[in-house]
Amino acid sequence: DAKTTQPNSMESNEEEPVHLPCNHSTISGTDYIHWYRQLPSQGPEYVIHGLTSNVNNRMASLAIAEDRKSSTLILHRATLRDAAVYYCILRDPLDAGKSTFGDGTTLTVKP
Amino acid sequence: DTAVSQTPKYLVTQMGNDKSIKCEQNLGHDTMYWYKQDSKKFLKIMFSYNNKELIINETVPNRFSPKSPDKAHLNLHINSLELGDSAVYFCASSQDPRTTGTGELFFGEGSRLTVL
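If you read the protein sequences in the order shown, they are chains V and R.
Each residue of the first sequence is one higher than the one before, starting from 1 at the first, in the numbering used here.
Each residue of the second sequence is one higher than the one before, starting from 1 at the first, in the numbering used here.
Hints were generated in silico from the structure; no laboratory data involved.
The reader is advised that the hints may include incorrect statements.
Stated by the list, open to error - These stretches of chain V come out as covered by chain R in the derived footprint (C-beta under 8 angstroms, 3 or more residues): (1) 14–23; (2) 35–46.
As the list claims (entries may be wrong) - Capping the alpha-carbon separation at 16 angstroms, the derived lysine to aspartate or glutamate pairs in EDC-like fashion look like this: (3) K9/R <-> D30/R; (4) K98/V <-> D96/R; (5) K41/R <-> E45/V; (6) K98/V <-> E58/R.
As the structure is a prediction and not an experimental result, all values here were calculated from the model.
Glycine residues also receive a C-beta, built at the ideal position from the N, C-alpha and C atoms.
Bound conformation, chain V alone:
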C-alpha cells in the first residue's frame, strides 16, 4: 500500500548526473516528500525532503512538480558510493508521519 511508484532500477556512469523519478499522484496537501537511500546491509539514510518548492542540500537536489504529483531526486555527480536503493516516501504530519517504503529504485553506478 505504498503511495509512491518508482522505476525498479537505473544505471548511471560515474561523475554524471542522475535523475531519479517518483510518482505520487494521490499526494495530499499536507504530505511531505522524503527521499532515503539504503546501502547494502545498512539502514536507510535520509537524503532530502520537501513540500512544494525545490530543495538543495549537500547530498542532492529535489525537484517537485508544480502539481506535486511527481518529484525527481537529482544527484549532480554520481560516485560509486551512491550505488544504493533509493526510496521516495510521503510523510503526513496529520497522520503521525506514517509511511511505508515502496520498492525503491536500485541505482547502479558504473565506473
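Place chain R on chain V using the hints.
This is chain R only, laid out in the frame that chain V set:
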C-alpha cells in the same frame, strides 16, 4: 557515537521462542519507530511512540509488543516466534512528525532475525 543503535544485530532462534530487540537513540528525538523489512525489501512501519505514548500501531500480530521505558529507548518483544517473522527489523527516530512537519527519520543498522 552511533545515533540510533540496535541490539542484537543478528538473532537466530527456533519457532515458538520469545525474543527481544533493543533500540536506543542519542539524538534527543521524542519519536521512535519499528519497521520490518521482508525479503522483498519492503520497509513497513509497525509501531511508533512519542514520549512513551503509542501513536502508530499498524496491523501487527499481538505477539509483537513494543515497550518504551523512556523517549530514548524503544524495545520490541516478540512472543511465540513464527517462520514468517524472519526479517530485518529497523528502529528509527525523528522529531515529532505531527508538529515539525518534517521529521526526517534516522535509522539504526537493523537486526536480522532468522526463525528456524
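To see whether the hints hold, each was checked on the structure:
1. 14–23: violated (count 0)
2. 35–46: holds (count 7)
3. K9/R <-> D30/R: violated, 23 angstroms
4. K98/V <-> D96/R: holds, 11 angstroms
5. K41/R <-> E45/V: holds, 15 angstroms
6. K98/V <-> E58/R: Holds, at roughly 9 angstroms.
Checked against the numbered hints listed earlier, the structure breaks hints 1, 3; every other hint is satisfied.
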